[in-house]
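Q: Residue numbers (full-length UniProt numbering), protein chains in the order written: chain V, 1 to 415; chain D, 1 to 519; chain Z, 1 to 357.
Calculated from the structure, these hints are not laboratory results. Hints are not guaranteed to be accurate.
[What the hints assert, rightly or not] Computed beta-carbon distance windows for the label pairs:
1. Z:7 / D:349: 21 to 29 Å
2. V:127 / D:299: 54 to 62 Å
3. V:355 / D:145: 25 to 33 Å
4. D:33 / V:127: 49 to 57 Å
Ideal Cβ positions, reconstructed from N, Cα and C, are used throughout, including at glycine.
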Amino acid sequence: MSVMTKPAAATPKRGRKLPGWAIGMLGVAGAIALLSTTSYLTNFPQLTSSGTTQTAVRLALPILLAGLGGLWAERAGVVNIGLEGMMIMGTWGAAWAGYQWGPWAALVSAMVFGALGGLLHAIATVTFGVNHIVSGVAINLLGAGVTKYLSTLLFFPVSHNPRESPPVPKFDTYSAAGLTDWLATLENEQRVVLSDVAGILRGLLTGVSPLTMIAILLVPASYLVLWKTRFGLRLRSCGENPWAAESLGVNVYVHKYIAVIASGALAGIGGAALVLNPGQPGYLEGQTGGRGFIGLAAMIFGNWRPGGLLGGAALFGYADGLQLRSGGETVLALLYGAVILLGVLVILQLVRRKWFAAAFGIAAAVVLYFLYYSLDEIPSELTSYAPHMVTLVVLAVASQRLRMPAADGVVYRRG
Amino acid sequence: MSSSTSVRTDAPAVVLTGITKRFPGVVANSDVHLTVRTGEVHALCGENGAGKSTLMKILYGMQPPDEGTIEVNGEQVRFKTPADAIKAGIGMVHQHFMLADNLTVQENVVLGAEALHGIGAKARRKIQELAGQTGLNVDPGVLVEQLGVADRQRVEILKVLFRGAKVIILDEPTAVLVPQEVDELFATVRGMQEQGFTFLFISHKLDEVRAIADSVTVIRRGTTVGTADPKTVSSRQLAEMMVGSELPSPETRTSTVTDIPVLTVSGLVLSAPDGRALLDSIDLVVHSGEVVGIAGVEGNGQTELVETVMGMRKASAGTVTLGDDDLSKLGTLARREAGIGYIAEDRHRHGLLLTQPLWFNRILGYQTRKPTAKGAWLDREGAKRDTERIVEEFDVRTPGIDVPAAALSGGNQQKLVVGRELAGDPKLLIASHPTRGVDVGAQALIWDEIKNARARGLAVLLISADLDELIGLSDTIKVMLRGRLVADADPSTVTPEDLGSAMTGAGSTSAAVHEEGEN
Amino acid sequence: MGKLRGNLLPPALAIVFSALLCGLALVLSGANPLKAFGAMVNQVGEGSTAVDIINSTGIYYIAALAVAIGFQMNLFNIGVEGQYRIAAVVAAIFGGSVALPPGIHSLAIIIVAAVAGAAWAAIPAILKVTRGVNEVISTIMMNGIALGVAAYLIRRDVFGELRGNNIRTPEIAESGWVPGIPLGDNGTLFGLVFLAIALGVGYWVMMNRTRFGFELRASGESATAAAAGGVNAKKMILVSMLLSGAIAGLVSMPEILGRDHTYNLNFPGGIGFSGIAIALLGRNHPAGIAFGALLWAFLDKSGLALDNVGVPREIVTIMQGTIVLSVVVAYEVVRRFELASEQRRVGRELASAGGAA
């Protein structure tokens, strides 16, 4: 060939050195190490007890699913703050079908109701080019209104309470019986690290419902679909540069529609996870309590990636579960954990000679340690909003490093 | 790869016949005829706003023509979407790259063409196989974000190759490249041409057209005016075809230059976030009654220079003084108040509030001054009166001053902007591409107004890609290259060709151009 | 004329559309929409409904103004919800724990509320200006935190006290009240409804007559053109966000100073989100917002009558949601249509003028 093949001056390195799954495994190992150290030093075995873990999983599920919903929409470039409204639709749909035909019907119905909310968002934002935030706010209002109306109309005659559905039957749960018994023994022996790991594992393996499995499986499934298929590539290209996508023959409107409808369906399942939680009778007005927004927060925390999102949802669910199971003083122990974490980060920054970041980390650690030292407990009113604060901190510290889809929230017009 | 060199000489690669395209209030293309033979590099030449881009969008299926036919390899086709054009073997390298920064090179290349080789290892092998042809030498797994401009362009060409296109449209491909990169691009184009690819090369730079093209078609004011052989036609003849003979000359007759410095820029440095110098110790003086023109290939720091002088970007070092006032620490508004008028290069982005009425636009940049404001309060009546005056004096064709700015044609919008920026007797006018994309009538009027203002003692800093405009209007020309002022030229003797070679860093070819430090 | 059509047609279409949709929903659920609507209209004359509507309009109006200031420059202050709650609890605690002469006491409470609202809005504003954090996300998070902080502040071991089965802040002494206008059986008009009117007038003057309003609108229309015109974007973000927060801080003042005299567990939520809907409906125009606030208040208060005719009153929430969604769609469609027709019109007029010349 007569063409020139002059080597480029500088060949950029690949972005990541480690594959995503390895980073994830390291993260999990680090988190367990951190928790067991904290639990050992502060003498709060509840931090890693199976009960806490089990509650954390239940509380994390709706956040995880809402976050996945956010991921799908935003990867296609549609900001979805209507997740909350779609989740509310999901809770109602789950209760309505669930009390009549059982949990599987509840699941399907929640998906459909959530997807309807997504469809509305898609019509407004994609077809009519309405600002995504505006449409999201409207859908939140509408979701709350529609469910209130339908509850009064359809639940009240049965449950005699316009704010509540009749009891909804739950999924059967499964435990790995032999294994969990052995783990229980191990956990009760109170051995350093070993008992902590056993407690967490036991919590994860006890009382697992099909919904839990589905939700967990949806994380790798979303990753595979969005990152490893032709459809996913096209969908993500709509969120990165829709004009380029269109110029290459991708039907941007169709992909955005599918993404936003899927987003609604996922948020709907998140609603079902609330209604089908063994601790809940069924649908309750105001049950979502802003979890759609927390899902969004988990997605941002996870840097618009499924693995990170799972981490965010786990963290937020864990903080919630800890509060619910063992109260504010245990949550305070988490502050201690945060101080240890900051310590590790500071050392890393010092090794990299990033003095400013290290100084900032030391200051933050001192403040947190002072709080830990001077307070008896974290007020329960505030612990529920820990995800919100964590998200603000992440945004403030790392907003430059977060990598949201480039055309996220941009109103795209063909041509 | 399939190196099919079976050039079909019986049918031309592309024939456009009688293409006409209208937009509300404007005809972008009328009765365009273009024939591109298979295997040639065919240049399409014309000024900015002549209708080149619209024509290419039509050929690439992004917009349907109102009238006319397209033939590819002798068969009449009708493109509804770019996908149809791709299927017919046409690929396009857009002037503004159509790349997703957050996706990898591989993802960008296979997007939309996944059916050919999938999105996995097979596609990766294919990309690596094709990459050599474009001179791209990076791992397909790298994010496009990490690539430089030239590599991005190679990715664009790679996209087109991957789809098996045989006809490749290059839309102003050199606008963003430095000269060495231009040479590399041309080498790539020649290499691919030998393998049977056909190129449609869009440009308004005559030296490049003459360097690369086998034939050239000139488009002027939306219609094709003729096809020529660049080997036999002179640049002057081409330029005449491009601008037309009826064009008024921008020439200024008598010198009004004084020795009173108005704008003094010294040691101005602007650094990019990554530390690269976008502006490298710029020294510049504009005197009262003088027009200083800045020549340069787009992207060599002209925009940055203007925006730094205006205070829209924060200089890393150096001073900007206007008369006796040091502006270096002031914001944009204070600099405007000190007496700078500013015609921005992109009137839609920087000049106008498109959905607001004309009189509202009159206030922009003057929100603290008479006649549009009194203290913290707006003077709406004053603004409206003065807008009426501008409409009258600058011949802005509009049904009234209450219509939104978006409703006016480009030329009339620009006349409004020029009128506004000359209001309030500025000491300095910064004019960035003041006649870009405007009709001939508006162009003549704007030139006259700049000349009149200069005669009144205004200092003008003129940035233009139109070398004739630059030579005709300027008293002094400075050449900008990679963020530095590298040469001076005397507009009374310099030719566009001399200027062109100085702009590309090829060195001075004429006595009219003096490189900095030479004297 | 065209402009008026562009502004009035979409809300009219949206209201008709959502009325039809809700009517259809009622028919499907076996109710008579006409009867329901009649009941709502009749309710206005019943008891204190009319006054309640006016009072509620005033509150919605303030909330929507707060939102509109941000919207004018494409800044989405979703955080009005949290700002007015924080302002309410801080102002109530302040008012209940100081003793000041009448008049000054009320004024001080109002100022504290405005400052508290502005301070809460300052966090997302500073994050946006210094760190580039999107204000939508940060204000949503701030809304959540506001709920937590408010709940914490009225704990009995912090500032709260238990009354019956309600927890509340200490009651504000009478010197801090803003008396209403008693209308006998028809109820009492909040004195601070006039504050809403004053804010509306001030907002109009600011937007249309002052340099600040001009810069705000210019920034909203085109950030790049505003920058070239000498508008300091960061300053505008900071100032407009603080102003928006300060006004949001006043949202609950009519109720707290005019009726409740305390912040308690029954504090009404969701006004911030209604404010967003109303600002959208009224297109950030003070008169449009007034109309929107009145419509919202009418639907809220008259909707109570629906229970009497066997229709769940939540239908009005659906109606509100449908109105806001359809109105933004309608504005968008009409805007595009008008722009295209305007361009055609100018093109045509110039063509004919050119032909005549």
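Q: Determine for every hint whether it applies to the structure shown.
A: Structure-based check of all given hints:
no., hint, verdict
1, Z:7 / D:349: 21 to 29 Å, "holds, 27 Å"
2, V:127 / D:299: 54 to 62 Å, "violated, 37 Å"
3, V:355 / D:145: 25 to 33 Å, "holds, 28 Å"
4, D:33 / V:127: 49 to 57 Å, "violated, 39 Å"
Checked against the numbered hints above, the structure breaks hints 2 and 4 and satisfies the rest.
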